[in-house]
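Engineer: Please arrange chain B on chain A, whose structure you already have, making use of the hints.
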Amino acid sequence: MIRLQNLCAGYPGRPVLQDITLNFLPGEVLAIIGPNGCGKSTLLRTANGLLAKTAGQVFLDEAPLEALTPKQIAQKTAYLPQSRAVPNITAQRMVLHGRFPYLSYPRRYRQQDYEMVQKALSWVGATLLADRPLPQLSGGQRQKIYLAMALAQNTETILMDEPTTYLDVSCQLEVMALSRRLAEEGKAVVLVLHDLCLALQYAHRIAVMENGRILQTGTAEEVYLGKQLEQAMGITLGRVETSLGYRYFYK
Amino acid sequence: MKSWRKSYTKSKKRPALLILALGTSVLLSSLLSLAFGAVSIPLTEVLAVFLGHGGETQGRIILLARLPRLCGCLLAGAALASSGVIIQAVLSNPLAAPNVIGVNAGAGLAVALCCAVLPGAVAFTPFAAFLGALAGVLLVLFLSEKAGASRITLVLAGVAMSSIFSAGIDAVVTFFPDALAGYSDFRIGGVKNLSMARLAPAFWVILIALAAALSLSNELDLLLLGSETAQSLGLPAKRLRLLLLALAAALAGAAVSFAGLLGFVGLLVPHIMRRLVGEQSFPLLLSSALGGAALLTLCDLLSRLLFAPFELPLGVVLSLTGGPFFLWLLLRQRKGGRA
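Protein chains in written order, with the working numbering: chain A, 11 to 261; chain B, 26 to 364.
So here's chain A without its partners, still in its complex pose:
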């Protein structure tokens, strides 16, 4: 489990995160939402050790993050960045990279690595794409492969930065449903999302951010009723009750 305690971070001459305290809990989809530039991506990068903190603490399974090696962190936390390269390699090779944190020298993949890759591909429904070169896949298919790579890492926590951007609606819903399934398996899934309706519908818990701070944390119900999200984003939200629960929309 990742625990952020009074965390501050940023870039030279530009502090971004201010006094963030937040837990990424197992069995839960946590959506981080807020206006552009409020520090959502910075939060994920700092939680994963990709960006150095300026104050506060990040604990990974109660150990300070700086006490762990990059490999130890990678064995516990997978991270899907916002911008993703598309090298000319096959999809299965790409997913196999997810096993890198478990390799020791001379970096030969083992039977269990291949088994994990197959499992990850089947999890995201991309087994048939295994032999296809990545540049030949559609945006949605590539996203699935990236997700499979993160799953092949077999970590307790998965951080995804805007995993639904550039995807069509059906692919977006697939990603969100997959996030729920991963949470049901006991993983902590943290998503930075721009689609508030998706976040409110699928996340167990939502953290609303503004200007590098967390305004509110709570369930969709609490966030909807709290109105801080509407103030931060400058929008008005509505909802209707359906047989499947509440569905949210912009007014």
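Beta-carbon label-pair distances, calculated as ranges:
(1) B/351 to A/176: 27 to 37 Å
(2) B/348 to A/129: 47 to 57 Å
(3) A/149 to B/39: 21 to 31 Å
(4) A/98 to B/42: 16 to 26 Å
(5) A/11 to B/225: 54 to 64 Å
These are computed hints drawn from the structure, not numbers from a lab.
Bear in mind that the values here come from a model prediction, so they are computed numbers and not experimental data.
By construction, the Cβ of each residue, glycine as well, lies at the ideal position given by its N, Cα and C atoms.
Structural biologist: Below, chain B without anything else, positioned relative to chain A:
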């Protein structure tokens, strides 16, 4: 599971076949290079010389003139091409190559300075070339990281640095005219007048650097995914980029130390091989090393045969054959909508 492993193995077959074909072409071009030139020697006689019972004249031609030349081509081709693969992967820039971003020119300046200050210290030149190449590559890395340079800015900055280093070489040669014997040959690049003793230090540098790069091919693959993804997979990306660039500098520097400023191999060969084997680093590095070695050997053969008994400089033949081929490749790629 077995069928999945089978399909994975099948996807590895094509690069393996290509590497086998390239290995064969290196062998054949080497035999041709030893047999043909101003004087043609039958292949049976070439083999006889290596088995120790060939004629004395043929033996002298092959062992003292053609063999060092062949080894120079093989080493320089393999080193420059694999250096190009590494630099392009680390800088995530397909336009980057040792001759484009000033690595070769940096090595050249260091060699010129070394020859001017320590004339006769031939064994020291690969080391000096390494330092020059490393300085060039680190400047590029600094520009790309600190200045937030885009791909094009990076190449333009490399071209500017290349010009500065080249001006430095010109200045050294102006003040120390004897520093670089056969200055124009050095500038164009070539493998004339080499000896096995002169090649020996560069051979070890290239062998060790290439083996190290191949052993780090998995890490190089991860860097292709971008620094953030690589780091999130547990790779110490910053340290590794520096290490890989140092290896690329060692490879390019060692080649420049005896073959001069040979351009193009580091750009042309990785591009061709990437189209044939994809971007997976191990087969790409291996095929580029073999492809570079075969290409330079064949170009050297052409340089000796086209206007025999006169010789064209190797760099000229390389540019005249490689340039149009590269342009054809780009046009074909554009037609295929993959430019």
